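Asks: Given the coordinates of chain V, assemble chain G with the ligands onto it according to the supplied hints.
Number of protein chains: 2
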Amino acid sequence: MKQTLLLLPGDGIGPEVTAAAQRICQLVAPDVAIEEDLVGGASIDKHGVPLTGAALDRAKSVDAILLGAVGGPKWADVARDKRPEAGLLGLRKGLDVFANLRPAYCFGALVDASSLKRDRVEGLDIMIVRELTSGVYFGEPRGIETDANGVRRGFDMSVYTAPEVERVTRVALEIARGRAGRVCSVDKANVMESGQFWRQEVTTVHKTHGGGVELSHMLADACAMELVRAPKQFDVILADNLFGDLLSDAAAMLTGSIGMLPSASLGTEGTPGLFEPVHGSAPDIAGQGIANPCAAILSLEMALRWSLARPDSADRIMAAVGRALEAGARTRDLGGDLSTTAMTDAIIDCL
Amino acid sequence: MKQTLLLLPGDGIGPEVTAAAQRICQLVAPDVAIEEDLVGGASIDKHGVPLTGAALDRAKSVDAILLGAVGGPKWADVARDKRPEAGLLGLRKGLDVFANLRPAYCFGALVDASSLKRDRVEGLDIMIVRELTSGVYFGEPRGIETDANGVRRGFDMSVYTAPEVERVTRVALEIARGRAGRVCSVDKANVMESGQFWRQEVTTVHKTHGGGVELSHMLADACAMELVRAPKQFDVILADNLFGDLLSDAAAMLTGSIGMLPSASLGTEGTPGLFEPVHGSAPDIAGQGIANPCAAILSLEMALRWSLARPDSADRIMAAVGRALEAGARTRDLGGDLSTTAMTDAIIDCL
Ligand SMILES: [Mg+2]
Ligand SMILES: [Mg+2]
Chain V
0 MKQTLLLLPG
10 DGIGPEVTAA
20 AQRICQLVAP
30 DVAIEEDLVG
40 GASIDKHGVP
50 LTGAALDRAK
60 SVDAILLGAV
70 GGPKWADVAR
80 DKRPEAGLLG
90 LRKGLDVFAN
100 LRPAYCFGAL
110 VDASSLKRDR
120 VEGLDIMIVR
130 ELTSGVYFGE
140 PRGIETDANG
150 VRRGFDMSVY
160 TAPEVERVTR
170 VALEIARGRA
180 GRVCSVDKAN
190 VMESGQFWRQ
200 EVTTVHKTHG
210 GGVELSHMLA
220 DACAMELVRA
230 PKQFDVILAD
240 NLFGDLLSDA
250 AAMLTGSIGM
260 LPSASLGTEG
270 TPGLFEPVHG
280 SAPDIAGQGI
290 ANPCAAILSL
300 EMALRWSLAR
310 PDSADRIMAA
320 VGRALEAGAR
330 TRDLGGDLST
340 TAMTDAIIDC
350 L
Chain G
0 MKQTLLLLPG
10 DGIGPEVTAA
20 AQRICQLVAP
30 DVAIEEDLVG
40 GASIDKHGVP
50 LTGAALDRAK
60 SVDAILLGAV
70 GGPKWADVAR
80 DKRPEAGLLG
90 LRKGLDVFAN
100 LRPAYCFGAL
110 VDASSLKRDR
120 VEGLDIMIVR
130 ELTSGVYFGE
140 PRGIETDANG
150 VRRGFDMSVY
160 TAPEVERVTR
170 VALEIARGRA
180 GRVCSVDKAN
190 VMESGQFWRQ
200 EVTTVHKTHG
210 GGVELSHMLA
220 DACAMELVRA
230 PKQFDVILAD
240 NLFGDLLSDA
250 AAMLTGSIGM
260 LPSASLGTEG
270 TPGLFEPVHG
280 SAPDIAGQGI
290 ANPCAAILSL
300 EMALRWSLAR
310 PDSADRIMAA
320 VGRALEAGAR
330 TRDLGGDLST
340 TAMTDAIIDC
350 L
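Chains V and G, in that order, give the protein sequences. If you're matching positions, the first sequence starts at 0 in numbering that gives the first Met the number 0 and goes up one per residue. If you're matching positions, the second sequence starts at 0 in numbering that gives the first Met the number 0 and goes up one per residue.
Do not take every clue at face value.
Note that identical chains are pooled: a pair holds if it fits in a single copy or bridges any two copies.
Stated by the list, open to error - Okay, derived cross-link-like pairs now, SDA-like style, lysine to any residue, Cα gap no bigger than 25 Å in a straight line: (1) K92 <-> V190; (2) K206 <-> I143; (3) K73 <-> V110; (4) K59 <-> F97; (5) K116 <-> A229; (6) K45 <-> K92; (7) K81 <-> M217; (8) K73 <-> A229; (9) K92 <-> D146; (10) K1 <-> R315; (11) K1 <-> E165; (12) K92 <-> R151; (13) K92 <-> A188; (14) K116 <-> G93; (15) K231 <-> G255; (16) K81 <-> D234; (17) K81 <-> Q199; (18) K81 <-> E139; (19) K116 <-> E225; (20) K206 <-> R152; (21) K1 <-> D234.
Note that these hints are calculated values from the structure, not bench results. It should be emphasised that the depicted structure is a prediction, and the values quoted were computed from it without experimental measurement.
The following block holds chain V by itself, in its conformation from the complex (with noise of 0.2 Å):
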């Protein structure tokens, strides 16, 4: 059955990248059928709401979703709940993708922007696989109150159900089998009942579905400062929503070039993906044709390996990408002085 890659360019650089990402899909996926929807600022522009139902409706029925950027200082003022960056959240809720994977890697010839010296990043793969739907950003009750005697608090519950830890522990037993085969679940089982839970049940669904995978557990604290100190140790690292977010964040920094990054949001099998650049709408260099297309092109790339299962075309965008760096290719965040279709060629040269 023929597949279908639905693109949501959204605002800024997104329509920029998500263009050259088109590019390349059309060349190693040419049989994929290309849609294209609107979300975000776009989306409010025409349509009066960042995401409309029809356009939700449309990525359900899709098999992969490749999004550009949301937001922008034109829709600053608008009500929260009308923001653009209600239609990603809308989305993100609406395909129920419950684990975010973020790749940590390092482009050889990219070394040295790292902040890190060279023979802690030179290597690097991590891949973090963060619980997105669940967990204290989302749990009940949550609010602001003030209590009997007067005073003020703020508060939010920090809560996992046994199902929610299962399906995402099952997506990161699942990469790493494709990978070097080990799992390192992060929790404060020292101090949360929530982490002692998490790391519980994460046990049990090992036991069960781990068949050859190492798992260990690791303390957040720890986590963080192992990530400074000797991140090579890491090949995939699973979290709750909370330690995810920031070491998620702290992972991708240490390659120092976080706009090359790539990251992909998946539900249960079957359902599409949702791919999208680590960085953001970046207004401020929009429409000038410089924006660095390389982390929506590993997006493609995330996308036709997790939702389009075609491993090879995603590994032929990979060493593309790699040699194009190496032949000295660089748009300006990376110090030189392509276009973001220059860029592209280049990559399209290589592929």
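Replies: Just chain G with the ligands now, with coordinates in the frame of chain V:
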């Protein structure tokens, strides 16, 4: 009135490094009376509990407490609430030390020990002020249970009250006034109600008590990134218990010499502070006389500065440690071969 410092050497290398700090104290502040008592495994062995009521009462009655380290394999099988670590928790709770000060600085002579490049960490001098007695590590309700539908869940309440935020914010502002005058408060106000509340309260406290101090806010994940990218941008970082836990450990590791770092835990003004090295009891090298005494000596430095109001003596210690390192003095963990005593001698020579 005569000031008193209570030494709680504790376990493992604790007695060796506190003995080193004691020698320094007798030289730079000879009029300070020094007492000693038991905590941790040492207290379990003698009294059956990791902290006696008498030891806690004594701690409350002195001006400052210098703790070595607690714990070790000998007491690993003891019930959780009777473990050496429970002695430390009992002490913190009994003293109500709500502000944990975790400096991250890098001695010039040790810059190359960092996994970061020299230019990123040379001259690094961050003070992280972490709230230590509230937040999700202590919030209620908390537990692991099976709900009416048979679904297991683990949960903890992330909660702060206005007085809790106020007192730790005032400590951070006061500390910044003696430094570069900048506090960066960290939260997840974008996704947590307790984060929004934290930001509101910190802002309010700054309006009343922030004279001369510049306040900024940063999301915790962005802070984790910025600590890796450009750590020298920070002066004082103010964070809640959980974010402060991860960020202080990441910041400490930036220096590459976590065995060098001290910490302080302060309560309300006029109550004794608790000072201790960041490192643990290191049972593997205990009793061999090779432990690095610097973290304990620098913990004494913090005690002199923050509880005993002797900034000149503190400055003397800080300068002497820097000069001894510059002259090449190194214990094994720093790549040298000096014993604990010889390293202490080298620092004394530089006083
Ligand atoms: Mg983040
Ligand atoms: Mg910690």
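Asks: All hints are to be evaluated individually against the structure, with a verdict given for each.
Replies: To see whether the hints hold, each was checked on the structure:
no.: 1; hint: K92 <-> V190; verdict: between (30 Å within a copy, 15 Å between copies)
no.: 2; hint: K206 <-> I143; verdict: between (41 Å within a copy, 21 Å between copies)
no.: 3; hint: K73 <-> V110; verdict: neither (36 Å within a copy, 45 Å between copies)
no.: 4; hint: K59 <-> F97; verdict: within (15 Å within a copy, 49 Å between copies)
no.: 5; hint: K116 <-> A229; verdict: both (11 Å within a copy, 14 Å between copies)
no.: 6; hint: K45 <-> K92; verdict: within (22 Å within a copy, 57 Å between copies)
no.: 7; hint: K81 <-> M217; verdict: between (39 Å within a copy, 23 Å between copies)
no.: 8; hint: K73 <-> A229; verdict: neither (42 Å within a copy, 30 Å between copies)
no.: 9; hint: K92 <-> D146; verdict: between (33 Å within a copy, 24 Å between copies)
no.: 10; hint: K1 <-> R315; verdict: within (21 Å within a copy, 74 Å between copies)
no.: 11; hint: K1 <-> E165; verdict: neither (31 Å within a copy, 60 Å between copies)
no.: 12; hint: K92 <-> R151; verdict: between (31 Å within a copy, 23 Å between copies)
no.: 13; hint: K92 <-> A188; verdict: between (28 Å within a copy, 20 Å between copies)
no.: 14; hint: K116 <-> G93; verdict: neither (42 Å within a copy, 43 Å between copies)
no.: 15; hint: K231 <-> G255; verdict: both (15 Å within a copy, 16 Å between copies)
no.: 16; hint: K81 <-> D234; verdict: neither (39 Å within a copy, 36 Å between copies)
no.: 17; hint: K81 <-> Q199; verdict: between (39 Å within a copy, 23 Å between copies)
no.: 18; hint: K81 <-> E139; verdict: within (22 Å within a copy, 34 Å between copies)
no.: 19; hint: K116 <-> E225; verdict: both (15 Å within a copy, 17 Å between copies)
no.: 20; hint: K206 <-> R152; verdict: between (41 Å within a copy, 19 Å between copies)
no.: 21; hint: K1 <-> D234; verdict: neither (34 Å within a copy, 56 Å between copies)
Violation of the numbered hints given earlier is confined to hints 3, 8, 11, 14, 16 and 21; the remaining hints are satisfied by the structure.
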